[in-house]
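A.B. asks: As a plain string of letters, each chain reads:
2 protein chains.
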Amino acid sequence: MDQPATEKTTNGITNGDGHENPLIAFMPSGRRGRFPVGTPILQAARSLGVDIDSVCGGRGICGRCQVVVSEGEFAKLGVTSKSDHLSDFSAVEQRYGDKRGLKPGRRLSCSAHVLGDLVIDVPSDSQVHKQVVRKRAEMRTIELDPIITLHYVEVAEPDMHDPTGDLQRLEKALKEQWKLENLDCDIRAIQGLQQALRKGEWKVTVAVHLGKQITAVWPGFNDKVYGLAVDVGSTTIAGHLCDLATGDVVASSGLMNPQIRFGEDLMSRVSYVMMNPGGEVEMTKAVRDALNDMVQAVAKEAGCSIESILECTFVGNPIMHHLLLGINPVELGGAPFALATDGPVQIWATEIDLKIHPNARIYVLPCIAGHVGADTAGVILSESPHESDEMTLIVDVGTNAEIVLGNKHRLLAASSPTGPAFEGAQISCGQRAAPGAIERVRIDRATLEPRFKVIGCDLWSDHPDFKAKTEGLGVTGVCGSGIIECLAEMYLSGIITQDGVVDGAMAAKSPRVQQDGRTFTYLLHDGEPQLKITQNDVRAIQLAKAALYAGARLLMDHLGIDKLDRITLAGAFGSHIDVKYAMVLGMIPDCDLAKVTSAGNAAGTGARIALLNRASRDEIVRVVKQVEKIETAVEPKFQEHFVGAMAIPHKTAPYPHLAKAVNLPAPKAAAPMDEGDGGRRRRRRG
Amino acid sequence: MDQPATEKTTNGITNGDGHENPLIAFMPSGRRGRFPVGTPILQAARSLGVDIDSVCGGRGICGRCQVVVSEGEFAKLGVTSKSDHLSDFSAVEQRYGDKRGLKPGRRLSCSAHVLGDLVIDVPSDSQVHKQVVRKRAEMRTIELDPIITLHYVEVAEPDMHDPTGDLQRLEKALKEQWKLENLDCDIRAIQGLQQALRKGEWKVTVAVHLGKQITAVWPGFNDKVYGLAVDVGSTTIAGHLCDLATGDVVASSGLMNPQIRFGEDLMSRVSYVMMNPGGEVEMTKAVRDALNDMVQAVAKEAGCSIESILECTFVGNPIMHHLLLGINPVELGGAPFALATDGPVQIWATEIDLKIHPNARIYVLPCIAGHVGADTAGVILSESPHESDEMTLIVDVGTNAEIVLGNKHRLLAASSPTGPAFEGAQISCGQRAAPGAIERVRIDRATLEPRFKVIGCDLWSDHPDFKAKTEGLGVTGVCGSGIIECLAEMYLSGIITQDGVVDGAMAAKSPRVQQDGRTFTYLLHDGEPQLKITQNDVRAIQLAKAALYAGARLLMDHLGIDKLDRITLAGAFGSHIDVKYAMVLGMIPDCDLAKVTSAGNAAGTGARIALLNRASRDEIVRVVKQVEKIETAVEPKFQEHFVGAMAIPHKTAPYPHLAKAVNLPAPKAAAPMDEGDGGRRRRRRG
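Taken in order, these protein sequences are the chains called A and B. Basically our numbering = 1-based index in the first sequence + 5. Basically our numbering = 1-based index in the second sequence + 5.
Next up, chain A with everything else stripped away, as it sits in the complex:
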């Protein structure tokens, strides 16, 4: 591209005739300069460093460089901008409009030339670094900063008098037409290069990875490339296929992690490897096979070929991270929980047997510590606590809760051994979140009668149509969020005491409180199956929530703080839970309830950011290095915090924000007859 004849200044620059050249101002950047009549708008924009996209390099093919003239008087700039200060609609624009459609007022900046003063608006969809809008208002937007850039080039034909290779002529064209230099080229791209050049009649589109590596060459023009962001969870693998040019999610898929057949939770999978040599190979194959199924599914949904997927990013907990990468996870099964690597991993898709474009790259976010994985790195990237003034607690609840606390000054991370109770395991009536599972519970304070909702039906159980509507679903169990609500409601209605004892005295008030040996149970649903909350169920949740709270509290100690500005619940569990009930139960410290939110699959969002924004990769590596890693297992205070957190919501910690929102019951002792393990525990403590 030629340099413009003018200075980049608003001072009057004259043309050869002594007349002042027209002024062009670009919005929203405000960059402006004077250019000779006849200068293409794209060229003027480029010379001013205005962010305008182009794949075809100004040939009127891609339509990425569209602009709109802002008409009117611009007193501040001292110009009058008019549509007819642009050259007439050209044959190139006509052809593009006929073929692909051009909205009224839109012009191709590569084809339109300056005739007079202009104020040019660059719509966000014409910018390379466009913003990708995210659903939740409080989150930062993702700025596109593509990992893969596409470049349409015209390549010189071979000449016997100057016998250079096809690749060298392609590189020359990329240098001359795109200022791309010192590129490497994948061998598989070289293998297909000669055919692509000849099929495209010496016009090809080149994909360049991180500005350094030629990874694909297509005959003619091509502007559709995709990337896949994947969160490999122990239970679920969630993936989003994104258009790498727009950042839009064009297809999504969630599927069960087939490793479940080797063990429900992480530690049972590591045990499987320890007891079955080579088991890690089976599990690696299982997860990779599932990823290939996912690729097929999202490509089908988006109507694209799997070969058009050029990039893939991954997050996952350390064990999933290792199994995905073919690293034996046994070291993560016992102290000192050594990761093979805590750095980011950038490799070929073929190196994890992923069948997408043969030259596609994989980027796996860094892990933080032996229990705090790339999923937490993804959460940090998504929630950006390191950019915030607010003291933010982020918890991602799973078999291990991963906990991040801090703000832009310091960031701490730890994991807390909650066990799988929140996922419905270890609970007598517990089940995974699936149709038929109770997910919402309310208990009448006077009668102690419950009502509930099950997944797959919007009606409460006391609605006349509930039975009919749930006939096919059944009421099969209670999922994690249902258990949280049920226990919180049992506490709020006095069925369980602050210490977590099912109060036998309440049996007088309701037949749903029933004796069961030396303890009492609460009958949540009298059907097939009968769903009861036992004293042991309450204990299991108490242990889990105490571990979670103690982990968070430990990090607060390390920072020397007592109050939180914000709490974010990440992960699938976090997005189904009612944050109020979580706080009633004391899973999390007190906080303004308006500032306690669910972030959904924040880890997956982090993977998506790493897919769409080049700079985010350096950012997360830098932040992860700075994160202070706290190992709860070796902190003596953890046990102390754990004991205090067994009570509901807590033995000693005040919950002023919660008390304003919820009518918390006064502390009371259970009926003397209770002699459950909770009772023993009380005696031991004092």
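A couple of the hints might just be wrong.
All copies of an identical chain are treated as equivalent in the list; a pair is satisfied when it fits inside any one copy or across any two copies.
Straight line, CA to CA, 25 angstroms or less: simulated DSS-like cross-link-like pairs of lysine-lysine [what the hints assert, rightly or not]: (1) Lys630 to Lys472; (2) Lys673 to Lys537; (3) Lys630 to Lys177; (4) Lys673 to Lys305; (5) Lys184 to Lys630; (6) Lys180 to Lys630; (7) Lys634 to Lys177; (8) Lys360 to Lys290; (9) Lys537 to Lys360; (10) Lys537 to Lys87; (11) Lys180 to Lys81.
The hints are simulated quantities; they were obtained by calculation from the structure and are not laboratory data.
Given the structure of chain A, go ahead and fit chain B onto it with the hints provided.
C.D. replies: Chain B alone, transformed into the frame defined by chain A:
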């Protein structure tokens, strides 16, 4: 390693007591400095930049850092060097000596400390950049400058209080113990890392590729890694397995290129691809399978595992280059003969299905032009005409002769379409060089009786034992060098004229000159089979040698020169040929016969240099870019030179050097009866 307390100077530097520190001078570099008593010799050497090898980093394990004390008065240095100025033989040296042997006088410089003034000799086998001796005196030595370096490190164990990945602790150790920074690590090395660290009890040996990439990690100490240099010829694949630490060739292998079943010469293989879609895939597989066979063979011969081969370099003509790399060679089958790439190719061994170390790299030398391949780049690297003052002509004879001409000021390259006559094809009695083939011929000037030697027998055919000794071999045909000698001898004895006509008048002198229709033949061997040199055979060789000469002459024109200082014949054919006969026939221009030599497989030597010397890779890329590529097919003068070069040795060019060495016959016309096509050709020209 700590910095020495002294300046790197011969000025008297004193220790804390005011005494002058001892002087240590290292030979052959002459570097010297003063160091405090107790400084390890290796440390002193390192601080002075003296080239001493070490894999174990000064732990007395590898024995690479051996030195010898030069005893005596060194007046120039003003010191007296004595053995007892070194610390006593240490337990570490004793242990090493017991285990691996230490020659008398040798000391481990990492273990021996300075006590007084010393002159230390660093034997060449203790230097990293040691010289690899080559057989021929006129060639430059190869300086070792390893692609792969080995580093023994002790890695910190994981610590729950500082939860870093194993890789990160390894990298820290490499930085602290070897000053290696910003390394990447292959995923397969990460996969095996944890096991290697634990098996080696946190002591491992790391292979680093080009100072940038961790490619292998072995438990404990390992100093044996190998590299393979391969010349992929159309007919033969020749490989040398080298110890990457010493540069020594530890095993060699030559095997037939199995692609021969798709076509004897290059063009017939390209035709096969053109006529059989997918044929290129078959041929690629064939050559890669053969390479894997070669790997097995050389590893077995050297007694090493195929996984200990970490690097492989390749040369080959453009079509072999493309087929090896899985690039369809059809574009090389017709004008404009476009290469897919003329740059060097560095990829994984797995990308060409080569079963050596899973992280091994492949380096393929750059091609020069569509007919001038990576083999010629290898020849240039081996013969170094670009470093010479002498005007050197290098010819590598095959189906196409590849020709290089020049010196350190300019270098030109071309290929000349000789056709396969020199390889024995197109010759009625021709055959490939194999046992039983005639390779040497002498013809009695008076009787015209021939005598010859066959491959596999050292006796001339007129020796009484010849028949008995060749009974198993037979006399099966004439190979390329045999044909050259036979034709040259026929010319020198007057059987063929300067114009290449078999002179019927000679039939009167010997019954071996026989009429055959309108032309005459010469009966070389009257047996089973009968071996005759026909007029057509002479013509085929004339066409081939004229093409070769014309190509060389064309390059001389481009340089504006008439004389050559040196001629080098490369390739298998070049190493079997008698250069004098080649010149008698006029294959090459006149030159001092003492300066006409065979270089053997110079292309393969080039591959070996690229395997052992890191800088040579940049060198050959730079030189190849500067080479002026001449396309003989589009040069009008080529045809003119070709016509003149049909005569023996040449129609007009003088051969003064040759005339001094050989009694060249006076020009004569053949007997008038001759009406062969040579006669027609003469008339046309005349």
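A.B. asks: Now tell me if each hint is right for this structure.
C.D. replies: Quick rundown of the hints versus the structure:
1. In the homo-oligomer, the alpha carbons of Lys630 and Lys472 never lie at most 25 angstroms apart, since the shortest distance is 54 angstroms inside one protomer and 82 angstroms across protomers.
2. Taking the closest pair of Cα atoms, Lys673 and Lys537 come within 25 angstroms of each other only inside a single copy of the chain (23 angstroms); across copies the shortest separation is 120 angstroms, beyond that limit.
3. Taking CA atoms no more than 25 angstroms apart as the test, Lys630 paired with Lys177 passes between copies only; the shortest distance there is 14 angstroms, against 39 angstroms inside one copy.
4. In this homomeric assembly, Lys673 and Lys305 never come within 25 angstroms of each other (Cα to Cα): the closest approach is 59 angstroms inside a single copy and 82 angstroms across copies.
5. Taking the closest pair of Cα atoms, Lys184 and Lys630 come within 25 angstroms of each other only across two copies (21 angstroms); inside a single copy the shortest separation is 34 angstroms, beyond that limit.
6. For the identical chains of this complex, Lys180 and Lys630 are inter-copy neighbours only, at 18 angstroms across copies versus 36 angstroms inside a copy, given an alpha-carbon limit of 25 angstroms.
7. Taking the shortest alpha-carbon separations for Lys634 and Lys177, only the inter-copy value of 18 angstroms comes in at or below 25 angstroms, while the best intra-copy value is 48 angstroms.
8. For the identical chains of this complex, Lys360 and Lys290 are neighbours both inside a copy (13 angstroms) and across copies (22 angstroms), given an alpha-carbon limit of 25 angstroms.
9. For the homomeric pair Lys537 and Lys360, neither the shortest alpha-carbon distance inside one copy (47 angstroms) nor that between copies (61 angstroms) is at most 25 angstroms.
10. Proximity of Lys537 to Lys87 under the C-alpha cut-off of 25 angstroms is found in neither arrangement, the shortest distances being 75 angstroms within a copy and 92 angstroms between copies.
11. For the homomeric pair Lys180 and Lys81, neither the shortest alpha-carbon distance inside one copy (39 angstroms) nor that between copies (58 angstroms) is at most 25 angstroms.
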